[in-house]
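Asker: As a plain string of letters, each chain reads:
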Amino acid sequence: MRRREARRDPWQPNNSVRTSQSGSAMKAFVAALLFAAIAAVGISILLNIIQEPSSVAFTTGGARVGDPGNNLVGPNG
Amino acid sequence: MASLGRFIRLTVGACAFLLVIAASVPCKAQQVNPTASSVNEQQLLQELNRIQGRVSIPDQRSGVLEQPAGRDWREFRNVTLRWIGGITIIGMIAVLVIFYLTRGMVRLESGRSGRTIVRFSAFERFVHWMTATCFIVLAISGLNITFGRPLLLPLVGFEAFSEWSQWAKYAHNYLSFPFTIGVALIFLMWIAGNIPNKVDVDWLKRGGGIVGHDHPPAYRFNAGQKAIYWIVVIGGGAVAVTGYELMFPFYLSGIEGMQLAQIVHSVVAVLFIAAMLGHIYIGTIGMEGAFDAMGTGDVDLNWAKEHHSLWVEEEQAKGHAPSGGTSRPVAAE
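Protein chains in written order, with my numbering: chain A, 1 to 77; chain B, 1 to 333.
It is possible that part of the hints are untrue.
As the list claims (entries may be wrong) - Rough simulated footprint, nothing fancy, chain A against chain B, three-plus residues with beta-carbon under 8 Å:
| # | stretch |
| --- | --- |
| 1 | 100-107 |
| 2 | 266-280 |
Said to hold, decoys possible - Here are the simulated DSSO-like cross-link-like pairs (lysine-lysine), alpha carbons at most 30 Å apart as the crow flies:
| # | chain 1 | residue 1 | chain 2 | residue 2 |
| --- | --- | --- | --- | --- |
| 3 | A | Lys27 | B | Lys169 |
| 4 | B | Lys169 | B | Lys198 |
| 5 | A | Lys27 | B | Lys205 |
| 6 | B | Lys169 | B | Lys318 |
| 7 | B | Lys226 | B | Lys198 |
| 8 | B | Lys226 | A | Lys27 |
| 9 | B | Lys198 | B | Lys318 |
Unchecked claim - Here are the simulated distance ranges between beta carbons:
| # | chain 1 | residue 1 | chain 2 | residue 2 | range |
| --- | --- | --- | --- | --- | --- |
| 10 | A | Ile43 | B | Val39 | 17 to 25 Å |
| 11 | A | Ser44 | B | Thr80 | 29 to 37 Å |
| 12 | A | Leu47 | B | Ile234 | 22 to 30 Å |
| 13 | A | Leu34 | B | Gln46 | 51 to 59 Å |
The set of hints was computed from the structure by calculation and includes no laboratory data.
Don't be surprised by glycine CBs; every beta carbon is placed ideally from N, CA and C.
Model the full assembly from the supplied sequences, consistent with the hints where possible.
Answerer: The structure is reproduced here in structure tokens:
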């Protein structure tokens, strides 16, 4: 209830609401950063589940990759 | 008689020597290039347009050894793109610096009224900042792909450059997804206010208030902002589509298609970066009070009247904004 009372009138003078406005600005910005980071990490996990590393996808009985990850066609290749 | 015999022997010996040398010349030529008459690599490329063989691994595309378009693409990537990117971005920075030094900040001529009007909602600012932060990371990591090797590597060395480039590539790939979401949301959120109309023509004719001290009327988005909107939507869409074509190789096209995608991706990207430098300039140091719109979401009523007078009238008619003139000017902080 108190919060509702403290909610500013949108037509109030700028200087009286400077603090709450700054807080609101930061919230949108921080939320944007968080969402972007979470979406990026989420999609990286999803793609790593769906896709095979080249050392697995392109390995046959006649051509095996030794020490994947430390050569050009390993998981990081 | 004895001298005649010696003369004959010498003559016969000299003739035999010359004969041996003359006979050895074609032999030597044959040893240098015994396959002179066979088909060479250049002829194969001209006839077949590519050189490819058979490979035993599952990916048959790796059998392509040479394709001439690759050379053109490499020339574009290593030379042409660097010139285009360098001129575009450094040129834009130079123009902005010169403009700032000559015009300075566009001031709020009627001063602050002390009353505000809501310009962008929290959700709109959230989408804007998400897209913007992703764009900045994508731009820096993308520029590293083109300019990192000639500019950064000599400064930081192979180890640091390799580590940085690997993380930059991860960021470039994965932050492209929230960036694309942001572009799609921007398109949907603001399409209604960004359809060009006659007011924009007048706004452009009068220099948009940037040149001189005029304040041509505008609705919620003026012609300059509409241009930025369409650059983001079309440019963002283009870099997203071509970027995913490169991120998922051979799903959408072959190697030639991916080379074309890389050309479109990189050229649109450097133009996009230059346009966004202009956008960042005008939203921060270029215009007094402009940052508030995306900072707090509220702008001073006088600012809104100076730059978006028709929008203010609409908001006042809806009861979303205080009516009246430039009341209670307060000192700018």
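Asker: Check each numbered hint against the structure and report the violated ones by number, ascending.
Answerer: 1, 2, 4, 5, 6 and 10
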